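My request is simple: use the sequences and hints to build the entire structure.
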Amino acid sequence: MQMIFLKKTNIPQILFSILVLSSCGNDKKTQTAETPAIEDTLPKMKPLGAEKKISQAFKNSVTGRINHFYNKNWPNNTMNGGFLVAKNGQIIFERYNGFADKNEGTKINADTPLHIASVSKVLTATAILKLVNAGKIELDQKVNTILKTFPYPDCTIRMLLDHRSGMRNYAYFTDRDKSIWDRHNQLTNKDILEIMATKDIGLESRTGTRFAYCNTNYAMLALIIEKITGLSYKEAMTEMIFKPLGMKNTFVFDYEKDRKTIVPSYKGSGVEIGLDYMDAVYGDKNIFSTPRDLLKFDRARNSPDFLKPELLKQVYVGYSNERKGTKNYGLGIRMINWETGQNFYFHNGWWHGYTSSYITLMKEQVTIIALSNKMTRNTYAVRKLAPIFGDYPFNFKDEE
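Residue numbers for the sequence shown follow this note's numbering, so the first one is 33 and each next one is one higher.
Derived by calculation from the structure, the hints in this document are not laboratory data. These figures come from a predicted structure and were not determined experimentally. Do not rely on the hints blindly, as some may be mistaken.
As the list claims (entries may be wrong) - The calculated lysine-lysine pairs, modelled on PhoX-like cross-linking and capped at a C-alpha distance of 25 Å, are: (1) K292 / K162; (2) K289 / K222; (3) K275 / K340; (4) K345 / K356; (5) K340 / K395; (6) K84 / K340; (7) K266 / K280; (8) K76 / K340; (9) K91 / K76; (10) K139 / K180.
Said to hold, decoys possible - Per label pair, the in silico range of CB-to-CB distance: (11) G167 / Q88: 39 to 47 Å; (12) P276 / K84: 17 to 25 Å; (13) T241 / K78: 36 to 44 Å; (14) Q173 / K78: 19 to 27 Å; (15) K104 / P336: 35 to 43 Å; (16) K210 / P425: 45 to 53 Å; (17) Y204 / N129: 31 to 39 Å; (18) A82 / K139: 31 to 39 Å; (19) K210 / K76: 38 to 46 Å; (20) K359 / H100: 23 to 31 Å; (21) K76 / P425: 34 to 42 Å.
Think of the CB as a built atom: it goes at the ideal place given N, C-alpha and C, for glycine as much as any other residue.
Structure (structure tokens):
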């Protein structure tokens, strides 16, 4: 029977079929190996895990001083926001008060997401640093190797992170000239890139020559995150940072979907501040979060496996000290460096009526966070708590 079958069958045809089928299988295997789902290759933040328990005696020794500061800084619970102090990830002091939405009469509580303004830069920088750490990009890689139409050839990813790109702030070059941008339209990150590429937007200073804090840098970093991950900035931040750390009340603001449901901001007088044409730009701002979620984020940044040691060192080095002084800027973090050798790391934020302050006392493992949706500079005064925990030689008479 077998002999008869073989005689009747075209043997070359059989061999060809086997070859084709096996090569198809190999193709499938190769394709799976070479093009895994993007989400599976994303570097993700990891929670720090269990930390040394703080004693009740320690809590008692600092709570009174924090409470005194709180009552003096925001008398009669006038903060209109959330405030938290923690050590080793354990909350020592926490307060929430004021209206989330005056019209609806809703109050701010521990789960109320508030706009963290420029503290968003710390999170954007963290995503970029994780991509560098994973070998997806390099710190000194030219931006135009990723964003092909980016018009400033000498600018690197490091220069975006430390504000040494020399670029102008998008708020200034889209503000007045209708031939550059019509403010009746929402501005996006891609619009900013296209304007710079096509409208002959000159640099403010030659790339790499001086520090100038500029939101455009972080709008471009958000586009780099999108290009490298293949996800939207909102999705990438969720997958890389928010979800792995259990930051359930944190999200990137989507102008089209969220503008009617977010917690609005107010002037000091209590008048609501509306949104404007720059409210769709993200990376430099536009993350909503809570003090508790930011505490989770801070502890993860203090984890031993956050970044490789050689990369981590570069984050906390100052890049902005052309003129000798204590104020400095690292890779996505502000700092004060005293001659005593003590260093203070933080980032503040302000957008519309939202103000924010994030402080990480790394040596003492203390986290201080304040967020408000009613315009006040008192949010930034929380740095006055640092000397309770360590040798931070502030001269508060000279505070700006």
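Against the earlier hints, flag every one the structure doesn't satisfy and list their numbers going up. Per hint list: 1, 9 and 10 violated.
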